[in-house]
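**Q** Throw the hints in and build the complete structure from the sequences for me.
In the order they appear, the protein sequences are chains G and S.
Using the working numbering, read the first sequence as starting at 1 and increasing by one per residue.
Using the working numbering, read the second sequence as starting at 1 and increasing by one per residue.
These are computed hints drawn from the structure, not numbers from a lab.
There may be inaccurate statements among the hints.
Said to hold, decoys possible - To give an idea of the interface, some chain G residues facing chain S are shown, with a C-beta separation under 8 Å as derived from the structure:
| # | residue |
| --- | --- |
| 1 | 54 |
| 2 | 55 |
| 3 | 57 |
| 4 | 78 |
| 5 | 90 |
| 6 | 93 |
Think of the CB as a built atom: it goes at the ideal place given N, C-alpha and C, for glycine as much as any other residue.
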Amino acid sequence: MIRIENLYKRYHKHHGSNWVLKDINIEIPTNVSVGLVGRNGAGKSTLLRLIGGMDSPDKGRIDSDSRISWPIGLSGGLQGSMTGRQNVRFVARIHGSGAAADEIVSRVEDFAEIGAAFDEPVRTYSSGMRSRLNFGLSLAFDFDVYLSDEATAVGDRLFRAKATQAFRDRIGKASIIMVSHSEGILKDLCQAGIWLHQGQAIWFDDINDAIDAYHQIGSNKKG
Amino acid sequence: MLSTRTPWQVTRSVWYAMFVREALARTMADRMAWFWMLFEPIAMVVMMIVIRTVIMGRIRHIDGAEFIPWMVTGLFGFYLVRENMMRPIGAIEANKGLFAYRQVKPVDPVLVRCYLEGLLKSFIFVLFIMVGALLEFGLLPAQPLAALWAWMSLWCLGLGTGLIFSALAGLVPEIGKILRIISMPLLIISGVIFPLNFVPHDLLGYVMWNPIVHGLETLRSAFFPLYRPVTGTSLLYLWYWALVMMALGLMLHLRFELRLKRQ
Chain G
1 MIRIENLYKR YHKHHGSNWV LKDINIEIPT NVSVGLVGRN GAGKSTLLRL IGGMDSPDKG
61 RIDSDSRISW PIGLSGGLQG SMTGRQNVRF VARIHGSGAA ADEIVSRVED FAEIGAAFDE
121 PVRTYSSGMR SRLNFGLSLA FDFDVYLSDE ATAVGDRLFR AKATQAFRDR IGKASIIMVS
181 HSEGILKDLC QAGIWLHQGQ AIWFDDINDA IDAYHQIGSN KKG
Chain S
1 MLSTRTPWQV TRSVWYAMFV REALARTMAD RMAWFWMLFE PIAMVVMMIV IRTVIMGRIR
61 HIDGAEFIPW MVTGLFGFYL VRENMMRPIG AIEANKGLFA YRQVKPVDPV LVRCYLEGLL
121 KSFIFVLFIM VGALLEFGLL PAQPLAALWA WMSLWCLGLG TGLIFSALAG LVPEIGKILR
181 IISMPLLIIS GVIFPLNFVP HDLLGYVMWN PIVHGLETLR SAFFPLYRPV TGTSLLYLWY
241 WALVMMALGL MLHLRFELRL KRQ
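**A** Printed below as a string of structure tokens:
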């Protein structure tokens with residue numbers, strides 16, 4: 001369970017600073033996968049980073065009794081000058097895997113299916129290869145909650161199917177909190193939804209309702 | 001595998017992982033990294049000796065020490081401090097990608113880099129001493145323990161400056177550029193290539209404010225039994241600096257951790 005209480009967050013910019021997230025109170029139950037929807041800049045990634053402990057709120061607090069992954073996404077988490085294998089080893093080491101490191105490396109290698117590129121520096125990867133590696137890396141550890149920031153956006157059809165399957169296999173043991181603009185994958189993987197709008201977060205028990213609410217605002221603006 | 005670990009266990013595994021990463025990057029990254037690691041100090045020593053001989057050809061004499069060993073100890077001691085000051089500045093930037101893992105703090109790459117830098121510099125210095133001994137340059141320390149202690153002190157001084165400036169340069173990037181500019185004059189006022197005995201007495205008081213001088217002079221007097229360090233040399237003074245800077249640096253890293261992590 002992740003409990004978010006009176007959470008405020010803003011970034012200091014050149015022209016003042018508005019609250020990105022304003023007084024957010026949400027409780028995410030254990031084993032419920034949640035999709036975050038909202039417009040660009042609505043604070044989806046910010047909320048995910050806060051939950052992942054990469055950033056700290058200006059006010060309020062986040063309590064959790066689960067093991068939460070780092071935000072899996074296109075940027076961050078991988079060091080460009082190291083090879084894929086070295087990156088995986090590094091992450092295995094900081095998680096204190098010790099003897100299990102070899103097993104983790106082979107698990108990631110199997111999942112990512114990037115072939116010989118696994119031993120090339122990550123900066124030479126395409127964005128799809130990056131996301132494969134990143135996703136496989138996070139799945140090699142047994143987290144309770146996985147955070148995904150558009151991690152599957154650039155994956156091909158097969159990879160998406162694989163990622164979906166990997167999560168289906170873990171239902172009951174793990175859940176996912178994901179940011180995505182692809183509604184198909186949200187509907188596939190998530191049960192509940194959070195719609196971020198004007199600094200507020202609105203909880204929906206059904207992901208379809210969250211997507212509908214998000215769409216309605218979009219069409220109202222146009223009309 | 002992911003059971004709750006103590007903070008110390010987490011930190012240790014981060015340091016271990018970081019150390020492997022930095023060591024690989026330093027020694028394997030580009031081709032001939034090893035060659036340059038050895039060739040750079042040799043070229044540096046030769047260049048400094050040439051400069052010195054051209055500028056002050058006649059006054060090569062230094063009381064109680066051979067000229068070349070005197071230069072070598074000064075240069076190595078100085079570069080130990082300088083590298084420990086400069087290397088950490090890039091450390092935070094170079095490891096930005098890894099702050100995605102909440103186990104990794106901005107201070108970790110700084111500490112690990114200073115540790116690795118000290119190890120490499122010590123290794124190369126020992127290599128120089130051994131080769132120097134074989135060629136009978138008189139580069140063997142007369143009091144090895146005292147030399148080791150002075151070397152460690154300089155290392156800690158470097159670590160202190162590294163901690164402070166890595167945090168400051170992370171907040172204000174211009175500081176890194178300014179440091180690069182002032183590191184050359186620092187070489188001269190630290191008494192690395194010119195003995196400070198030539199400095200007028202009333203000016204010497206100010207020169208001795210610089211803690212690097214104290215470390216270098218102590219290091220030299222441990223190497224050469226007849227060498228008389230500049231009056232007022234005190235390793236304790238260096239340690240005041242080192243301890244204060246380490247404390248201040250750690251405080252800066254604690255206070256601005258989130259700002260250093262950002263982006």
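**Q** If a hint holds in the structure, say so; if it does not, say that too.
**A** Structure-based check of all given hints:
1. Interface hint at residue 54 of chain G: satisfied, since its Cβ lies 6 Å from the closest Cβ of chain S, which is below the 8 Å cut-off.
2. Below 8 Å, beta-carbon pairs count as interface contacts, and residue 55 of chain G has one with chain S at about 7 Å; its hint therefore holds.
3. With a cut of 8 Å, the hint placing residue 57 of chain G at the interface with chain S is violated, because the nearest CB-to-CB distance is about 11 Å.
4. Because the closest C-beta pair between residue 78 of chain G and chain S is about 6 Å apart, less than 8 Å, the hint holds.
5. For residue 90 of chain G, the interface hint holds, the least distance from its beta-carbon to any beta-carbon of chain S being 5 Å, beneath 8 Å.
6. Interface hint status for residue 93 of chain G: upheld, as the beta-carbon distance to the closest one in chain S is roughly 3 Å, under 8 Å.
Going through the hint list in order, the structure does not satisfy hint 3, though it satisfies all others.
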